[in-house]
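> Chain by chain, the residues run as shown.
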Amino acid sequence: MKNDPTPGLPAAADEDGLLVRRIVAGERELFGVLAERYAPRLYTFGRRMCRNEADAEDLVQETLLNAFRHLPEFRFESRFKNWLFRIAVNVCRKRHRRARHAPEEELPLEDLEGRLQEEAARTAAVPLWARLPLERLLSEELVAQVREAIWSLPEKYRVVLVLRDIEEFSTEETARLLRITPANVKVRLHRARLFLRERLKGYFRHGMQGS
Amino acid sequence: MECRDHDPRRCRGLASRISAYLDGELDAAGRREIEAHLEECLGCACCVETLRRTIELCRRAAAQPVPEEFSRRIGRLLERLVPPP
Numbered sequence: 010m011k012n013d014p015t016p017g018l019p020a021a022a023d024e025d026g027l028l029v030r031r032i033v034a035g036e037r038e039l040f041g042v043l044a045e046r047y048a049p050r051l052y053t054f055g056r057r058m059c060r061n062e063a064d065a066e067d068l069v070q071e072t073l074l075n076a077f078r079h080l081p082e083f084r085f086e087s088r089f090k091n092w093l094f095r096i097a098v099n100v101c102r103k104r105h106r107r108a109r110h111a112p113e114e115e116l117p118l119e120d121l122e123g124r125l126q127e128e129a130a131r132t133a134a135v136p137l138w139a140r141l142p143l144e145r146l147l148s149e150e151l152v153a154q155v156r157e158a159i160w161s162l163p164e165k166y167r168v169v170l171v172l173r174d175i176e177e178f179s180t181e182e183t184a185r186l187l188r189i190t191p192a193n194v195k196v197r198l199h200r201a202r203l204f205l206r207e208r209l210k211g212y213f214r215h216g217m218q219g220s
Numbered sequence: 008m009e010c011r012d013h014d015p016r017r018c019r020g021l022a023s024r025i026s027a028y029l030d031g032e033l034d035a036a037g038r039r040e041i042e043a044h045l046e047e048c049l050g051c052a053c054c055v056e057t058l059r060r061t062i063e064l065c066r067r068a069a070a071q072p073v074p075e076e077f078s079r080r081i082g083r084l085l086e087r088l089v090p091p092p
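Chains as they are written, first to last, in the numbering used here: chain A, 10 to 220; chain B, 8 to 92.
Hints listed in this document are in silico derivations from the structure and should not be mistaken for laboratory results. Owing to the predicted nature of the structure, the values given are computational and were not obtained by experimental measurement. Hints may contain errors.
[What the hints assert, rightly or not] Rough simulated footprint, nothing fancy, chain A against chain B, three-plus residues with beta-carbon under 8 Å:
1. 23 to 31
2. 40 to 47
3. 59 to 71
4. 75 to 83
[As the list claims (entries may be wrong)] Short, incomplete list of chain A residues facing chain B, as computed with Cβ under 10 Å:
5. Gln70
6. Phe83
7. Leu151
8. Leu187
9. Asn193
10. Val196
Even glycine gets a Cβ: it sits at the ideal position worked out from N, Cα and C.
Using the sequences plus the hints, can you model the full thing?
What follows is the structure, encoded as structure tokens:
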């Protein structure tokens with residue numbers, strides 16, 4: 010797929026609406042521009058939500074297909090990107106429901122916060138892994154560890170973390186996308202982050218001289 | 008090693024608000040309260056810094072380029088949706 014902007018077309022994401030109007034009015038070939046613009050972000054979303062690469066690719070493909078079919082129903086009440094990710098979340102949930110064998114787990118917030126409290130009482134220096142410049146810390150192994158930790162989150166926490174911390178939707182946007190309250194988004198995000206922090210702490214304690 | 012400034016009674020309220028603090032979602036009074044506490048309590052400051060780093064690592068580790076073969080698959084999908092004239 011090309012990455013260069015197509016001459017004469019709106020480039021900024023907030024101008025997606027203009028493209029949608031033209032596509033719906035008959036210039037259907039312009040859908041390729043939207044697909045090229047958002048396929049990389051949808052792919053990252055898919056890879057973080059699905060452990061399996063083929064599932065992630067199917068998620069992107071199904072999302073784009075549904076977006077194309079339902080584009081005339083886009084009401085311009087939100088950004089196109091939000092509407093597209095709403096479709097991606099629905100595709101993801103449908104696939105998750107199909108594959109689910111066990112009920113969703115809860116992350117025990119009291120335990121996570123309790124551990125934080127205990128740690129605060131015992132700690133007298135910021136660990137190396139939180140002090141080093143990020144570039145010095147990043148390695149293929151660490152990236153793999155972070156991705157593994159994200160996958161190990163229960164789905165309802167993972168989706169909030171991915172939308173908020175990776176796709177950078179606001180709390181309110183995430184709440185609308187997932188049809189939950191902003192307070193719920195905040196609680197799930199906080200639990201997910203505390204969970205990841207515990208995992209990373211363990212990695213740095215046992216896998217590296219970073220803590 | 009024990010952090011002598013850490014007082015469980017004063018620190019209790021912080022654990023549940025760190026994310027909101029890091030996201031800039033606290034009101035001015037709440038933010039000032041936490042910042043004043045972090046000045047005094049190294050234990051809580053450490054927790055804030057490790058959570059901040061966790062979020063940074065999550066952001067940096069997440070992005071994954073689209074494989075060439077999958078790009079071609081998307082290209083074929085688009086051709087099926089909108090056949091070239």
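> Does each hint hold? Answer for all of them.
Structure-based check of each hint:
1. Counting residues of the region 23 to 31 of chain B whose CB lies closer than 8 Å to any CB of chain A gives 5, which reaches the minimum of 3, so the coverage claim holds.
2. Three residues within the 8 Å Cβ limit are the bar, and the region 40 to 47 of chain B against chain A gives 0, so the coverage statement is violated.
3. For the region 59 to 71 of chain B, the assignment as covered by chain A holds, since 13 residues bring a beta-carbon within under 8 Å of that chain's beta-carbons and 3 suffice.
4. Coverage of the region 75 to 83 of chain B by chain A holds [criterion: at least 3 residues with CB-CB distance below 8 Å; count 5].
5. With its C-beta approaching chain B no nearer than about 6 Å, Gln70/A sits inside the 10 Å limit, and its interface hint holds.
6. A distance limit of 10 Å between C-beta atoms decides the matter here; for Phe83/A the minimum to chain B is near 16 Å, and the interface restraint is violated.
7. Because the smallest distance between the Cβ of Leu151/A and any Cβ of chain B comes to about 7 Å, under 10 Å, the interface hint for this residue holds.
8. Nearest Cβ of chain B to the Cβ of Leu187/A: about 17 Å, over the 10 Å cut. The hint is violated.
9. Below 10 Å, beta-carbon pairs count as interface contacts, and Asn193/A has none with chain B, the closest being about 13 Å; its hint is therefore violated.
10. Hint status for Val196/A relative to chain B: holds, with the closest Cβ pair at about 9 Å, below 10 Å.
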